[in-house]
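Residue numbers (the UniProt record's numbering), protein chains in the order written: chain A, 1 to 148; chain B, 1 to 879.
Don't read these hints as lab results, they were simulated from the structure. Cβ atoms here follow ideal geometry from the backbone N, Cα and C, with glycine treated the same way. Worth double-checking, as some hints may not be accurate.
[Claimed, not checked] Some, not all, of what chain B presents toward chain A, calculated at C-beta under 7 Å:
{"no.": "1", "residue": "Leu659"}
{"no.": "2", "residue": "Gly685"}
{"no.": "3", "residue": "Asp688"}
{"no.": "4", "residue": "Gly740"}
{"no.": "5", "residue": "Gln741"}
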Amino acid sequence: MSLNEEVELLRKIPLFAKIEPSKLKLLAFTSERLTYQSGQRLFQQGDVGDAAYIIIDGEASVRIRTDGGEIQVAELGKGDVVGEIAILCDVPRTASVEATGKLITLRITKELFFRLISEFPQISIEIMRELAARLERTNVQLREALNR
Amino acid sequence: MESTIYRFILRYSKREQIILLVMTLISFPFLYYSLDLPKRIVNEALGAKGTTDFPITFLGIEFHQLEYLWTLSGLFLVLVFINGGFKYWINVYRGRLGERMLRRLRYELYTRILRFPIPHFRRVSQGEIIPMVTQEVEPLGGFIGDSISLPAFQGGTLITILFFMFMQDPILGAAAIALSPVQAYVIPKLQRRVNALGKQRVRTVRVLSDRIGETISGVQEIHANNMARLMLARFSAQLGVIYDIRFEIYQRKFVIKFLNNFIAQLTPFFFYAIGGYLVIMGELSLGALVAVLAAYKDLSAPWKELLNFYQQKEDARIKYEQVIDQFDLPEMMAQETLIAEPEAPQPLDGELRANNLGLIDDDGEVQFEGVAMTVPPGTHMALFGPGGAGNEALAMTIARLMHPTSGRITVGQADLHALPEAITGRRMGYVGPSTYVFSSTIRENLLLGVMHRPTGEARDDPAVRAALETAAQAANSTDDPGGPWVDPEAVGDGEGLVSRLVEDLMLVELDDDCYGLGLRGTIDPQARPQIAERILAARRSFAERLAEDPEMVDLVEPFAADRYNTNASLAENLLFGTPVGPAFQPDTIAAHPYVRRTLASVGLTDDLLKMGRDVAATMVELFADLPSDHEFFGQFSFISPDDLPEFQALLNRVERIGLEKVSEEDRARLLSLPFKLIPARHRLGMLDDGIQARVLEARVAFARDLPEELQGSVAFFSADAYNAAASLQDNILFGKIAYGQADSVARVGTVIGSVLDDLDLRPTVMEVGLDFEVGIAGARLSSVQRQKIGIARAMLRRPDILVLNDAVATFDAAAQRRLVANILQAMSGRTVIWSTQRPDIARLFPVISVMRGGRLAETGAPEDLDREGRVFHEIAARN
Numbered sequence: 001m002s003l004n005e006e007v008e009l010l011r012k013i014p015l016f017a018k019i020e021p022s023k024l025k026l027l028a029f030t031s032e033r034l035t036y037q038s039g040q041r042l043f044q045q046g047d048v049g050d051a052a053y054i055i056i057d058g059e060a061s062v063r064i065r066t067d068g069g070e071i072q073v074a075e076l077g078k079g080d081v082v083g084e085i086a087i088l089c090d091v092p093r094t095a096s097v098e099a100t101g102k103l104i105t106l107r108i109t110k111e112l113f114f115r116l117i118s119e120f121p122q123i124s125i126e127i128m129r130e131l132a133a134r135l136e137r138t139n140v141q142l143r144e145a146l147n148r
Numbered sequence: 001m002e003s004t005i006y007r008f009i010l011r012y013s014k015r016e017q018i019i020l021l022v023m024t025l026i027s028f029p030f031l032y033y034s035l036d037l038p039k040r041i042v043n044e045a046l047g048a049k050g051t052t053d054f055p056i057t058f059l060g061i062e063f064h065q066l067e068y069l070w071t072l073s074g075l076f077l078v079l080v081f082i083n084g085g086f087k088y089w090i091n092v093y094r095g096r097l098g099e100r101m102l103r104r105l106r107y108e109l110y111t112r113i114l115r116f117p118i119p120h121f122r123r124v125s126q127g128e129i130i131p132m133v134t135q136e137v138e139p140l141g142g143f144i145g146d147s148i149s150l151p152a153f154q155g156g157t158l159i160t161i162l163f164f165m166f167m168q169d170p171i172l173g174a175a176a177i178a179l180s181p182v183q184a185y186v187i188p189k190l191q192r193r194v195n196a197l198g199k200q201r202v203r204t205v206r207v208l209s210d211r212i213g214e215t216i217s218g219v220q221e222i223h224a225n226n227m228a229r230l231m232l233a234r235f236s237a238q239l240g241v242i243y244d245i246r247f248e249i250y251q252r253k254f255v256i257k258f259l260n261n262f263i264a265q266l267t268p269f270f271f272y273a274i275g276g277y278l279v280i281m282g283e284l285s286l287g288a289l290v291a292v293l294a295a296y297k298d299l300s301a302p303w304k305e306l307l308n309f310y311q312q313k314e315d316a317r318i319k320y321e322q323v324i325d326q327f328d329l330p331e332m333m334a335q336e337t338l339i340a341e342p343e344a345p346q347p348l349d350g351e352l353r354a355n356n357l358g359l360i361d362d363d364g365e366v367q368f369e370g371v372a373m374t375v376p377p378g379t380h381m382a383l384f385g386p387g388g389a390g391n392e393a394l395a396m397t398i399a400r401l402m403h404p405t406s407g408r409i410t411v412g413q414a415d416l417h418a419l420p421e422a423i424t425g426r427r428m429g430y431v432g433p434s435t436y437v438f439s440s441t442i443r444e445n446l447l448l449g450v451m452h453r454p455t456g457e458a459r460d461d462p463a464v465r466a467a468l469e470t471a472a473q474a475a476n477s478t479d480d481p482g483g484p485w486v487d488p489e490a491v492g493d494g495e496g497l498v499s500r501l502v503e504d505l506m507l508v509e510l511d512d513d514c515y516g517l518g519l520r521g522t523i524d525p526q527a528r529p530q531i532a533e534r535i536l537a538a539r540r541s542f543a544e545r546l547a548e549d550p551e552m553v554d555l556v557e558p559f560a561a562d563r564y565n566t567n568a569s570l571a572e573n574l575l576f577g578t579p580v581g582p583a584f585q586p587d588t589i590a591a592h593p594y595v596r597r598t599l600a601s602v603g604l605t606d607d608l609l610k611m612g613r614d615v616a617a618t619m620v621e622l623f624a625d626l627p628s629d630h631e632f633f634g635q636f637s638f639i640s641p642d643d644l645p646e647f648q649a650l651l652n653r654v655e656r657i658g659l660e661k662v663s664e665e666d667r668a669r670l671l672s673l674p675f676k677l678i679p680a681r682h683r684l685g686m687l688d689d690g691i692q693a694r695v696l697e698a699r700v701a702f703a704r705d706l707p708e709e710l711q712g713s714v715a716f717f718s719a720d721a722y723n724a725a726a727s728l729q730d731n732i733l734f735g736k737i738a739y740g741q742a743d744s745v746a747r748v749g750t751v752i753g754s755v756l757d758d759l760d761l762r763p764t765v766m767e768v769g770l771d772f773e774v775g776i777a778g779a780r781l782s783s784v785q786r787q788k789i790g791i792a793r794a795m796l797r798r799p800d801i802l803v804l805n806d807a808v809a810t811f812d813a814a815a816q817r818r819l820v821a822n823i824l825q826a827m828s829g830r831t832v833i834w835s836t837q838r839p840d841i842a843r844l845f846p847v848i849s850v851m852r853g854g855r856l857a858e859t860g861a862p863e864d865l866d867r868e869g870r871v872f873h874e875i876a877a878r879n
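Chain B on its own, in the form it takes in the complex (with noise of 0.2 Å):
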């Protein structure tokens, strides 16, 4: 990368600078002219002299006082209109300029990370790396914008100002940059401890960062050990040295600001004294008097400016070294293997042979040394060693994501440590012991291992055409990340390519994990209309088999809409329909507008405040002298334990005054109450038919008269269409699993799974389970999920050779024996070396290669090597 902000900015921006600096210099001269005006009309138009005579002839035509001055008190409203409209034009350019270098040097650096030597990892932490491609070099960009074009502008303005200076008085001119190299000297002095500590307090904002990063990773460890006043020592700590630095730099610019205040407000005093000391002898005319003071009104706008930029330029200078300082290394990836794409597909499978192999890290530590070994391919090897045997390391270094210091790795003819990510990333597979998911949905995460490069074309939309042109004249990518990246080629693409998922899912045994999340998660119907009529064809037969069985029958309460459904809470009942959004969800629906005139219509408010007394009075009758943090208030109680007392309160001023009379405030917090009544399982007999019959009727009126800006709050429940709000297990099911009945979840499951099989959405299930959003880093998922998805991910396009690093560690030996053979299966033809510690693993294997202490040992078939005198057996034997 370039050295110096200055070599970048000549090398990425040398042409757009050449038109901002034409475009400052052709603006000078109106700049000049808005100067000599003010005199002109001082001097001629107002006559301050005595002198003039009218009319007088200008541009050839002849004017009269008065005419004269609007005339050219126009003309100097054109000129600051003409000076006006350079300083927008020059500042808009800049303005983007400064944005797309700032852009293209925020993805050099980006792609500078991705060629970093993935042992650099174990050096640099996240909390350093981010703000540098963050925060660090943001004011950069405004600074490449305004590098050449601001001082040239700034400069010139200033040499203008002078020039006119000197032109109406030589020797106010000399005064008024009398001073300047007394700053000239100064400034930069002042200025070189500022930048010293600029660079250190840049340097110590990263450690901080890097502080924070490992709080976050390591929360775990500082609560489960009590770490957290020494966090918090350490934390403050590092906020002193900041603080320390930042007030020096503080004290020190207010010095040098200070300065130049001083001279900037000494200068005046030459143009009073001598200025007027020149008028009162006759030498220098009042108007050019006046003007020069304007002028030096206006000179030192530009002059702060050029104060502020050399501050400017400095900071930026420093940011830029020290940002560039990270990201070059020395043994960096070419930018050829990370992104070139070879010019036909290249497949791996020739033999793979290891020559003289090894391996030293920067500590100097042998990780492993002279191996040779040859790999037919189709091979299915286990590269078996205890801790440190150095088959770890080895496996990464087949996998490519470590360069052996010595010999070479050749797949047929080509060195493989030479061929460019596009071939091995494509046609081989790794996994290691803790994959990585990124926060997006399993579906995503699986095709990741399919998705290198563009398959088609970008989207056809203007705003997306615009986009990927703008991302080009930074010089940034001009893929289209929403377009198609899948590789039908690879996993095939429609319908192909889901049954190809659900096969991946199920060689991994993510199958029962995916159909579980598929029954919590919800679809489109409009999108997906296929799947939504088919869940309703499910939700018959479900209902169909359960209305057979009278062991069954009483497991779910269907809903109904001339019934109450006793399973359902009140606000269930009333709503008849899932709730969206904010208004009518369980905590707030007894307080909106609309459910409290619907409940007034068909005359149940008082009923519900009763009931809402009630069971106000029951629960604290029952809870009142629990433990405030017992287990049952979460449990059981409508009322949290905070405000218990408060409803005994409020239950005893109803007994006071009596129910009617109570504050609002009371009423709505009595009527919230009987909202979560769920009458088969709280049992409490309070809502009876009568009452029943009425929130029936409150159901129809709710529905009828709901406004329409209300009309998205509610997804209504409808025997015979699907409901996009809630999940497909309850729109198969729709009604509640019955309290009450043992063992009715399991039961009901049951049956559900057996109502799809028979109709053959399993694999529909599956797929929806698919877009189950993982969380951050996968953290909705269990590790052992996590790892599946991750071979799952590596398996999906089938590469010819797959490198496995202890990649089922995690799992029980049962499974681990499963998915060994699952997956050896379906690698059948293709070559898979599987590193691993665990001998019974090995032995699953037809071949073994067995290391100890950095070296290949011996190779041969399980039954060879188990027996006495053999390296394999011996460790073997050890664990």
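Same shape as in the complex, but just chain A (with noise of 0.2 Å):
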């Protein structure tokens, strides 16, 4: 896949939907693209936070450890942004991510995704919403959690 192609699957998504096409450029050309087997992980709950990654193709299970182990509580697919939390927050990550399947993520550098914030608003607009929905998400399953 060449440079042009990741534009153009960036704009799709939502969140740089709104972006120049030469700034998204930049992004693609200073991301790392990655591959993972299937298995293979992101990153580890707990580590450090040191980039967000953007799938480009493939599936990743977001999984948290538990009393009872690990359980899967997200499933990620084409054009998710995951790894953002540790890098905004600046705290240790707060889930792992695992490929299910042949994945391949746009790897953001934190310094990369900061300086995107600050220069499109868009972009920060977009991450809120999408940080709210995951929040109403995990209020409804709180929820339901409490009411079972």
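Hints are included, so try docking the two chains, each in its own frame, into the full complex.
Quick look at the structure:
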């Protein structure tokens, strides 16, 4: 996949939809594209966060350690962004992410990520939207768990 | 050492000086005749006196006037040759003598540095010592050669000429030396002040070099504390002092010169006035006056030389005395202790006893006192004490690096401090808190611990033999440093030595470091064909291993002669080899004429130019509005931020006049860009299949037509040949680690490791790592690695007694414990004395001796000492 194809793909992701192509190109060019085999982990819960990942192709599962062992809490697919919490809040990784099948990601370093946020308010808004949605999802799950 | 330079000269070169003197004396009659001859030519052959009747009888043969002139002139020519010959011989002899004596002096000074008592090094700095041995004594060599023969020769010449003058006319002779008494009185007086200044200059220059040395050693502090201005001001002040001294010397020297010149000019005045008068009066022949004038011209040369010599002599005297002053210390180690060989190897496996041992340092500070201890052979003892308790000084005293001021240490029957280093430095080992690592390979740094003396004949090479002979004449070392030194009895040789070294590395946990260094290292396949062969086997095995595993197969893209490697740059794809030397390095390859010809031959030039333009345009587009110090430039850009505006202008030019018409310089710049393109990494999609195919064509053409003189500039890849220019790892990979595969480097490393283990190659790789150059003072290693080398160095010879002084303090706690255990295990049955401030380290030993306030407080097993009321417990509780 060439840089231009990656740019096309990025444009389809809501987070980056409003960003001009040349910036997306810089984003794609300066981000490492990484291929994972099934079972390989993007990062481990508790690690220090240094990058966020955009899933270009394939699927991954988000897993959290509990007393009863590790459980899957979400599934990720093409176009999803993952790992941004740790770099936004400067906390250790809150979950592990593991490839389920062959997975291709674009790895955005912390530095570049902050640059994007500060330069493009649109991205901040999209991230807020995404985080709020996730919070809402979590609340629903929590409610369900409590009602059970 | 001899207290004055003349004593030194007489002691070591009497015979040579006498030979020089004799040769000088023999030369004088010829000199006299060469002075006398011109008079004869003028007076007799030319008949200036008008009295000569031809034919004349000379040496029993009859001559006519012309023949006589030719003969005398011929004779004059012969004398010129003879005089020149003497001068040449004497100069060469003198030069050799001077160099030999200088060599002897330097060697002696260096020997003395080795004999300095160790505490002395706290008072002298490198900056002072080094210039003394290097520059300050340099002029002494020249002077020593001159010291006797030059005054004899020049003085003799002077006297010969004066004698000749007096023979011609006593009055003229007297006139020539009339002013000499004045010179002889005034000049030394002036000179004395210059001498004093000279001494001062030597001292201030030493301070200057000391300052520079300090700056180099402390450069981190200077930058970290913004001390540069202060340092500059101090340095400037020191330069000012030197400036004043030098300028005053300069002025005074020229006063002396002026006086000399003036007097030398004054004398001819007497000649013309008095000599002219005598000629007119008919009391002196014109020929004689001409000869005297000629002789006087000759007189000024030796006179100048003598005065020069006088100044030189004073200079040399001062320099010698000042240097000797620094090297003649009262408590130096005896020469025998330093280098004498014992008649038979003498093990130190007896009981170590200290009796009433005490050490008071130069400042009168008591380091320790009244220490009595008995250490049976094979004891592993911790010498525990808080900072300043004296355990460090005691450890150094046991290791014989310090001399006790009272009491003594015996091992068996021998007084430890009376033994030569040839015994203590071989049977004992010492590792301090920060080991010095010499600028050499890791291997040599380890082996230094067993390179005590030549263990075989010097190399059988006429040049080496000649060099050693010359060394012997100057009383230098006659050991061949390039001969065998490693003691095979102590550590084995060949394979045995290698496995011993590897074992040693594992002991101090340097094996992984060495393995990593070895993978990055290179070998010469010609010199070590077996290793190259086995690495090739590893290459095959690695490739199979990867091919078998579908999850691994993408990790490395192997090199193939007929395929474009998308994880390699265009330059690498074109070369299909490793560049050697400057010709084809990544930054220069695009400009190389042969590369350009090759590109043209397959019609790639225009495509690459277009690609260069597109790359430049992309870079300008991506990076134009980033600040120039942005990290992305270093990480990602093909173009440095400084060059970006130029490329922008270049692109504008291309836009305006077209790619074909831009200047050659612009074309070269554009062409250099695509060479760095790596398709898998940069993903710019510019290197399409068509271009890749033509690069492969160019690859073939490049190798086929490579001119003779460029053959050595590239080591081509070949699937079944070892590449001498590439590292071991690259030879095993024979390809590129793929970009974009998660965790690829670590996974590839694991596979390489298991391949090497299967082939039992890990020790070999470690051994290659041993050839890693550690840099100046081991700067390319970490401090922990340096310290480990120090321990391994001392352990290599398995000493009877090993003394360690806070030797692992910089390691992390777990590593400290592991290393202590490793060392104690390897040293079982031998004595280990380990000075430490840490109670947890001390507890690892079966016996602890506790020091407090310079005294030995208690000794016992840790379980006995580690309870209420014991000193050890009390100190340990405080930590």
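Hint check:
1. Leu659: With a closest approach of 22 Å, the Leu659/B hint is violated.
2. Gly685: 3 Å, holds
3. Asp688: 10 Å, violated
4. Gly740: Constraint on Gly740/B satisfied, holds at 5 Å.
5. Gln741: 5 Å, holds
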